[in-house]
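Please take these sequences and the hints and turn them into a complete structure.
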Amino acid sequence: MILTMTMRIRAAMMSSCVAAMMLAQACGAGSASSGGADGGASAGATLRAVRARGSVRCGITQGTGFATPDDAGRWQGFDVDFCRAIAVALFDDPDKVQFTPYTQQQRFSGLQSGEVDLLANGTSVTSSRALHQPFQFGPIYLYDGQGFLVPKSSRASKASMLDGATVCVQQGTTSELNLTDFARRNRVSFKPVVMEDLRAAVSALASGRCDAITQDGAGLATTRTMLRDPSNYVILPDRISKEPIAAVVRSGDDQWLEIVNWVFHAPVQAEEYGIGQQNAAQFLASSDPAIRRFLGVEPGAVDGLGLDPKWVYNVIAKVGNYGDIFDRNLGSRTPLRMERGLNRLWTDGGLLYSPPFR
Amino acid sequence: MSHARKSLLVQGLTFGATAAVLWWLAHNMSANLERRGLSLGFGFLQQPANFEIGDTAWLRFSPEQSVGRAILVGLLNTARVSALGCVLAIAIGFVVGVLRLSHNPALRGVMRAGVEVVRNTPLLLLLLFLYASLQGLPSASHALEPAPGWFLSGRGLVLPAIAFGALTMWLAALLVIALVLRRRLGAMGARVIAGLLATVVLSMLVRHPSVEAAHLVGFNFVGGTTLSPEFAALLSALVLHHAAHISEVVRGAILSVPRGQRDAARALGLSRFQTLRMVTIPLALRAMVPLLATSCVSLIKNSSLAVAIGFPDVVSILNTTGNQTGHNIETMCIMIVVYLSLSLAVAAALNRYNTSLLALEAQLP
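Which chain is which? The protein sequence lines are A and B, in order.
Numbering of the first sequence is given in numbering that gives the first Met the number 0, commencing with residue 0 and proceeding in unit increments.
Numbering of the second sequence is given in numbering that gives the first Met the number 0, commencing with residue 0 and proceeding in unit increments.
Please keep in mind that the hints were generated in silico from the structure rather than gathered at the bench.
As the structure is a prediction and not an experimental result, all values here were calculated from the model.
Keep in mind that a hint or two might mislead.
As the list claims (entries may be wrong) - Label-pair ranges, simulated between beta-carbon atoms:
id, chain 1, residue 1, chain 2, residue 2, range
1, B, P47, A, P288, 54 to 60 Å
2, B, R181, A, S159, 56 to 62 Å
3, A, G349, B, G222, 45 to 51 Å
4, A, P334, B, V109, 45 to 51 Å
5, B, A146, A, I234, 36 to 42 Å
6, A, S159, B, A146, 34 to 40 Å
7, B, G135, A, P334, 26 to 32 Å
8, B, A25, A, L283, 56 to 62 Å
9, A, G303, B, A25, 39 to 45 Å
10, B, L32, A, G53, 27 to 33 Å
11, B, L32, A, G349, 38 to 44 Å
12, B, A25, A, D253, 48 to 54 Å
13, B, A25, A, P288, 58 to 64 Å
As the list claims (entries may be wrong) - Footprint (simulated), chain B over chain A, 3 or more residues, beta carbon under 8 Å:
id, segment
14, 122–133
15, 153–166
16, 325–336
Unchecked claim - With the Cβ distance kept under 7 Å, some of the chain A side facing chain B (calculated, not the full set):
id, residue
17, E175
18, S206
19, G207
20, R208
21, D210
22, L256
23, Q281
24, L283
25, D287
Every residue, glycine too, gets a C-beta built ideally from N, C-alpha and C.
Following this line, the structure appears as structure tokens:
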């Protein structure tokens, strides 16, 4: 309890700090572009700053399966692994990455102010973010949708049975908007209680202040593990929105965006080729020219922008392919027990499809 | 150089330097905004809000209404909690402050312990503690019913709503104005007030106020008015925290009244209570009022801690707006203007009251 309270206090304080920082930076001296904390749009600035610093700064959002520190204080999780993949591609070292945990409310200010180089924290791609806000998205690395988590005792089996319910929503997400749209489309009404911190929403659900929590499906799986008795809660089958999750970078830095794009594609392509963390070394001797180009045994396809020709091999050997990353963090052997669902390869009936590496 | 010239020069330099700093800040901000591809503008206030607000008072709100209206609803929520908070904090702080000087050692001790505990705890901790305690209440389907039509549960306190006719409301408003201006009205005042009171009662007989009781439908109570647990937790945390501070102000102000005044009053045969009411407190008010104004202003600002527990105050609504529309700088500017004007208005009102107190004193023989 004490721990949650300090965390909440920290979260509340941090959100105001980030906001104030953003204002200060917006008002501050124009000479900031020489520093590594540049939020600017000049091409290659982020990549240069990352190389000069010797590490990637990655914005994450804490949650079981996606980003949590382990017993040794080392960050683990699905989002974390993708950040580590970038560090491996650039520096051949999964630890050359600094993680900054944000609440959903703080993340964009953190990216905008140059505090991090990218966000890999469950942000959904939306047109208004891409068109109205100075951000660009990397490839979609998780296909998700918003749903509801309810106590079994509520006897609701689908979302439209929740008419009149009080629903806890996390502030600063698209969830608020989706919930309102769903209610208007289906002529039901909800009373939202908007919480800044997920932990506050979870305790509100546990105490009965809220009848349901609404979040992305992956978020609900995480949230359920935070409740005292997860088996007393069910995730309703409805998905009321499309949530394609992608990494976010500041707009205007194309080289950096390309690096993010191809590092996120590589684990998907590797799974399609059947190359995993266990057997990657064997494939170095493969005679298939496509695989030889992919792993950098033959040059020309994946080098450029100053990348190590063997970066794809390094990423697969040190982090794994998409299946490795998914199974390790979210799959059936983890507390989250998520199905691959839409996140299977296109060859297996899912949506994951990497452009060719050639 | 003459004194007047020197003063003019200094003033000119100060003005020039301030203007230069402001220009520099504005210039840098616009340059940096451009570099980041951001544009400023308040056009987004007219867009539909597309989000729902869970707790509204006075103004109805639905998602298809504008962002500007959503902000107004948030502002009313801030104003509601601040106004009630100021009045209650001053009332409770006053009583506690006086009781701390009581001759009864047990009473004095209890008050002192309470004040010290509350005063030395961070407000956010107090707020989270009170909110967590309110979550211990039973669920909506097992709500307590302390009085018929009153329901107390984890969803808050639900009361029957009373709706008065429009005429009654207007007459009641006039009555309030008359009560405020009763000094100006002079001898006529009492008659005007009595007359208005009678018409208010009469208008209620003509058009009965309707009572709408709440009842549980599905997940929530329908009808009636709801005092949400978020509002209750925020209000009580603000009141407790600031009442503790105000009680210290009151105690200090009373102690600052020279002992001779009290002795003189006692010598004239006034009782202890009469001395307090007619001599000590009027004299202490002078020292108190400016500090009470400060307390109220900080209460208004502290009400922004609402975001921690999910009460939709103006900061919470502006955060959501900033996130949905991307106009973070503008929403922050609105936030600054809102708090600045609320604080300045309260400070101005209490300053006026203070001036009138001093003027009253000057009239004393």
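Now the hints, each set against the structure:
For the pair P47/B and P288/A, the beta carbons lie near 55 Å from each other, so the given range of 54 to 60 Å is met. R181/B and S159/A have their C-beta atoms about 57 Å apart, which keeps the hinted 56 to 62 Å range intact. As the Cβ distance of G349/A to G222/B is approximately 48 Å, the hint placing it in 45 to 51 Å holds. The hint said 45 to 51 Å for the Cβ distance between P334/A and V109/B, and at roughly 49 Å that hint holds.
A hinted range of 36 to 42 Å for the beta carbons of A146/B and I234/A is consistent with their spacing of about 40 Å. Between S159/A and A146/B the CB atoms are about 35 Å apart, so this pair conforms to the stated range of 34 to 40 Å. The beta-carbon spacing between G135/B and P334/A, approximately 28 Å, falls within the hinted interval of 26 to 32 Å. For the hinted restraint 56 to 62 Å between A25/B and L283/A, the CB-CB distance of approximately 59 Å keeps it satisfied.
A C-beta distance of roughly 42 Å is found between G303/A and A25/B, which places it inside the suggested range of 39 to 45 Å. For the pair L32/B and G53/A, the beta carbons lie near 31 Å from each other, so the given range of 27 to 33 Å is met. Taken as a hint, the range 38 to 44 Å holds for the pair L32/B and G349/A, whose Cβ atoms sit roughly 41 Å apart. Between A25/B and D253/A, the C-beta spacing of about 31 Å breaks the proposed range 48 to 54 Å.
For A25/B and P288/A, the Cβ-Cβ distance of about 60 Å falls inside the hinted range of 58 to 64 Å, so the restraint holds. With 5 residues carrying a beta carbon less than 8 Å from a beta carbon of chain B, the segment 122–133 of chain A meets the three-residue requirement, and the given coverage holds. As drawn, the segment 153–166 of chain A meets chain B at 6 residues by the rule of a beta-carbon pair under 8 Å; at three or more, the given contact holds. Only residues whose C-beta sits within less than 8 Å of a C-beta in chain B count toward coverage, and the segment 325–336 of chain A has 0 of them, not enough to reach three; the restraint is violated.
A cut of 7 Å between beta carbons decides the hint on E175/A: the least distance to chain B is about 5 Å, and the hint holds. Interface hint status for S206/A: upheld, as the beta-carbon distance to the closest one in chain B is roughly 4 Å, under 7 Å. Contact between G207/A and chain B, as hinted, is supported at the beta carbon level, the nearest pair being about 4 Å apart and thus within 7 Å. The interface hint given for R208/A is met, as the beta carbon of that residue sits about 5 Å from the closest beta carbon of chain B, less than 7 Å.
Interface hint at D210/A: satisfied, since its Cβ lies 5 Å from the closest Cβ of chain B, which is below the 7 Å cut-off. A least Cβ separation of about 14 Å between L256/A and chain B goes past the 7 Å threshold, and the interface hint is therefore violated. Given hint, Q281/A at the interface with chain B, is violated; its Cβ is 47 Å from that chain's nearest Cβ, farther than 7 Å. Violation of the interface hint for L283/A is found here, the shortest Cβ-Cβ separation to chain B being roughly 43 Å, above the 7 Å cut-off.
Nearest Cβ of chain B to the Cβ of D287/A: about 44 Å, over the 7 Å cut. The hint is violated.
This entry does not satisfy hints 12, 16, 22, 23, 24 and 25, going by the numbered hints stated previously.
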